[in-house]
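Here are the chains, one letter per residue:
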Amino acid sequence: MQVTAVVIKALSVVLQYGMLFFLLFFVYRAARLMTAAARPVVEDIYAETEITAAEAVLTVLEAADESMIGRRFAFGDSISIGRGDANDIVINDGYVSHRHARVELWNNLYVIEDLGSVNKTYVNGQEIAGRQYLQSGDIISIGTVTFQFGR
Amino acid sequence: MRNKSLILLGADAGILLCGLAILLLRQYPAADYSVLPWALGAIGAAFGVQCFLIKGKYTDDVWLLPIVMFFASIGVVMLGRLKPVLCIPQLRWLIIGLVVLLAVLQFSRKIRELMQYQYILGILTLLVLCLSLLFGTEIGGSKNWLVLGPFQVQPSEFGRILLVLFLAAYLSDHKDILRESGRRFFLLRLPPLRFIAPLLCIWGMAILMFVVQRDLGSALLFFCLAVFMTYMATGSKSYVFIALAFFCLGAFISYQLFGHVRVRFDIWLDPWADPAGQAYQVVQSLFAFAAGGTWGTGLAHGHPGLIPEVHTDFIFSAIGEELGLIGCTAIMLAYTLFFYRGISIALACRRELYMLIAAGISVSFYLQAFIIIAGVTKFLPLTGITLPFISYGGSSMVSGFIMLGILLSMAKKE
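So the sequence lines, in the order shown, correspond to chains A and B.
Take the first sequence: its letters are residues 1 to 151, numbered as in the UniProt record's numbering.
Take the second sequence: its letters are residues 1 to 414, numbered as in the UniProt record's numbering.
Derived from the structure by calculation, the hints contain no laboratory data.
Among the hints, erroneous ones may be present.
[Unchecked claim] Below 25 angstroms or equal to it, Euclidean Cα-Cα: the simulated DMTMM-like pairs (lysine to aspartate or glutamate) are:
| # | chain 1 | residue 1 | chain 2 | residue 2 |
| --- | --- | --- | --- | --- |
| 1 | B | K175 | A | E62 |
| 2 | B | K413 | B | E352 |
| 3 | B | K110 | A | D85 |
| 4 | B | K412 | A | D93 |
| 5 | B | K55 | A | D85 |
| 6 | A | K120 | B | D176 |
| 7 | B | K413 | A | D93 |
| 8 | B | K110 | A | E66 |
| 9 | B | K412 | B | D173 |
| 10 | B | K413 | A | E55 |
| 11 | B | K413 | A | E66 |
| 12 | B | K413 | A | D77 |
| 13 | B | K57 | A | D85 |
| 14 | B | K110 | A | D93 |
| 15 | A | K9 | B | D173 |
| 16 | B | K413 | A | D65 |
| 17 | B | K412 | A | D65 |
| 18 | B | K413 | A | D85 |
| 19 | B | K412 | A | D85 |
| 20 | B | K57 | A | D88 |
| 21 | A | K120 | B | D32 |
| 22 | B | K237 | A | D65 |
| 23 | B | K413 | A | E104 |
| 24 | B | K413 | A | E127 |
So that you can see chain A by itself, here it is in the shape it has in the complex (with noise of 0.2 angstroms):
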């Protein structure tokens, strides 16, 4: 009986530590788990990147939404501009249409192509109509935002 007694109370402080030791871990690990995951998060399509020979972009001169502006948009093949969720480029603003513009590689020379949008897309201050190619230093304005092409 005294044997039982002792085994339990030993047992119940080796818990008591026990419980003590994964309160304080998990707290250790959760904060330097996460610090450590928030890292990569940066990692987003308005991080800057490096513009390689077969890859454009687009930069935000102009912006209702000031945090917008001076973002590099680099990309690839193609890049789609609207208001919409699933664009590449979403910008909120009610005078841009909700898939608004998309540029396109084509041939080596990048197009850009107006979706059918309600405010037009211009090109160095002019209407385009369909598709039009840009040239490196283009002016593209969409709604209250302007992108400077470059290559």
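Chain B: place on chain A using the hints.
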């Protein structure tokens, strides 16, 4: 990396099993083992859900569930200590909560579609809150319970979810108007009345809850939530000052008019005026913290049973007594990690609407924890609300898991 979240869940299971083992050993010859299958079931369910989350079909976040399970494990252990009768119901609510979480993730697309109907959400919020104003029953001093057959529901817990969704939808649509337009009045910039009317409605509702239902905690939470979300959406400090003025005015008037508010405030200023009477709860809570000290008395070695309502609002005092400053700090750090993770999710969202929802939910949990921890430690006047995921309560648990589900679904990149 993602698989390492299972280690965290393992630590949660360790806390739960160690704690329950201590409690069972204490009653050794006549121990009641019926809680163990439920505990193992809950652990199994949590691991199942976590494996499902790691696959990443509906969410990209794997860190929130282990943190929530950390709170839930501590909650179950403390309930087993304080009110053994409620231990199994709490585990049952936990399992139900996990199932609800899966359901919310499954329907997350539908919930996103729901966000287009912001005014319907707003009206629903008011309806849900009015339900308890009209048909409420008084349990434990505040008249905010609905009795539905065998269940007692606290509608304000669910109203909070709708409130976050409504405010996010409304503010993301009207942020430009709220930010830009309006007359300058003094140092403040006031937008036209019709644009802030919904906000005034929510504030008024909070005051009404405060007065009619005596539900000070929820009222404070709703009010602060509305203020925080408006500030996050517009970045305009005018709203914060308007709200502060509104709050001070309301607080002053209710101090003059209502006895229960005056009692709470006087207790806060000087609990030692009437330690055996009206201030008994707060004074016992302070004694509990003092008795705990740095390392605590050890689980089941303190006397937290002296505090009334210790298993719901005052569970933090029991933790303070038995697990000490170490345990309390661990829990507060865990709430902070939860908040940090929620805000990281919000910042990674592409659309302002989702950003506001994620930030609103994180703020709501953090605020809730802050209000009640500040209340039981006499940092602020006591306003009774539950400690999220730790206190006993089915409504609180299930609504918490619904909000967790929405937060997790916001973490999914499209």
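Results of checking the hints against the structure:
Proposed proximity of K175/B and E62/A is supported: the alpha carbons are some 20 angstroms apart, at most 25 angstroms. Restraint check: the Cα-Cα separation between K413/B and E352/B comes to about 14 angstroms, which is no more than 25 angstroms; the hinted pair holds. Proximity of K110/B to D85/A is assessed by CA-CA distance (about 15 angstroms); at most 25 angstroms being required, the pair is judged to hold. As the CA atoms of K412/B and D93/A are separated by approximately 23 angstroms, the hinted pair is consistent with the 25 angstroms bound.
For the suggested pair K55/B and D85/A, the alpha carbons sit about 23 angstroms apart, so the restraint of at most 25 angstroms is met. At most 25 angstroms may separate the alpha-carbon atoms for a hinted pair to count; K120/A and D176/B meet this at roughly 24 angstroms. Distance restraint check for K413/B and D93/A: the Cα-Cα separation of roughly 20 angstroms lies within the 25 angstroms cut-off, and the hinted pair is therefore satisfied. For the hint linking K110/B to E66/A, the alpha-carbon distance of about 31 angstroms lies beyond 25 angstroms, and the restraint is violated.
Restraint check: the Cα-Cα separation between K412/B and D173/B comes to about 22 angstroms, which is no more than 25 angstroms; the hinted pair holds. Between K413/B and E55/A, the direct Cα distance comes to roughly 24 angstroms. Compliance with the 25 angstroms bound is thereby established for this hinted pair. The hinted pair formed by K413/B and E66/A meets the criterion: a straight-line CA distance of about 22 angstroms does not exceed 25 angstroms. For the hint linking K413/B to D77/A, the alpha-carbon distance of about 21 angstroms falls within 25 angstroms, and the restraint holds.
A hinted pair counts as satisfied when its Cα atoms are at most 25 angstroms apart, and K57/B with D85/A qualifies at roughly 18 angstroms. A distance of roughly 23 angstroms separates the Cα atoms of K110/B and D93/A; the hinted pair therefore holds under the 25 angstroms criterion. Distance restraint check for K9/A and D173/B: the Cα-Cα separation of roughly 62 angstroms exceeds the 25 angstroms cut-off, and the hinted pair is therefore not satisfied. A distance of roughly 21 angstroms separates the Cα atoms of K413/B and D65/A; the hinted pair therefore holds under the 25 angstroms criterion.
Simply put, K412/B and D65/A have alpha-carbon atoms about 23 angstroms apart, close enough for the 25 angstroms limit, and the pair holds. As the CA atoms of K413/B and D85/A are separated by approximately 10 angstroms, the hinted pair is consistent with the 25 angstroms bound. Simply put, K412/B and D85/A have alpha-carbon atoms about 12 angstroms apart, close enough for the 25 angstroms limit, and the pair holds. Of the pairs offered as hints, the one joining K57/B and D88/A holds, with about 20 angstroms between alpha carbons and a cut-off of 25 angstroms not exceeded.
Simply put, K120/A and D32/B have alpha-carbon atoms about 74 angstroms apart, too far for the 25 angstroms limit, and the pair is violated. A threshold of 25 angstroms between alpha carbons decides the hint, and for K237/B with D65/A the separation of about 19 angstroms falls inside it, so the pair holds. Annotation: proposed proximity of K413/B to E104/A holds, straight-line Cα distance about 24 angstroms (limit 25 angstroms). At most 25 angstroms may separate the alpha-carbon atoms for a hinted pair to count; K413/B and E127/A exceed this at roughly 33 angstroms.
Figure legend: structure checked against the earlier numbered hints; hints not met, in rising order: 8, 15, 21 and 24.
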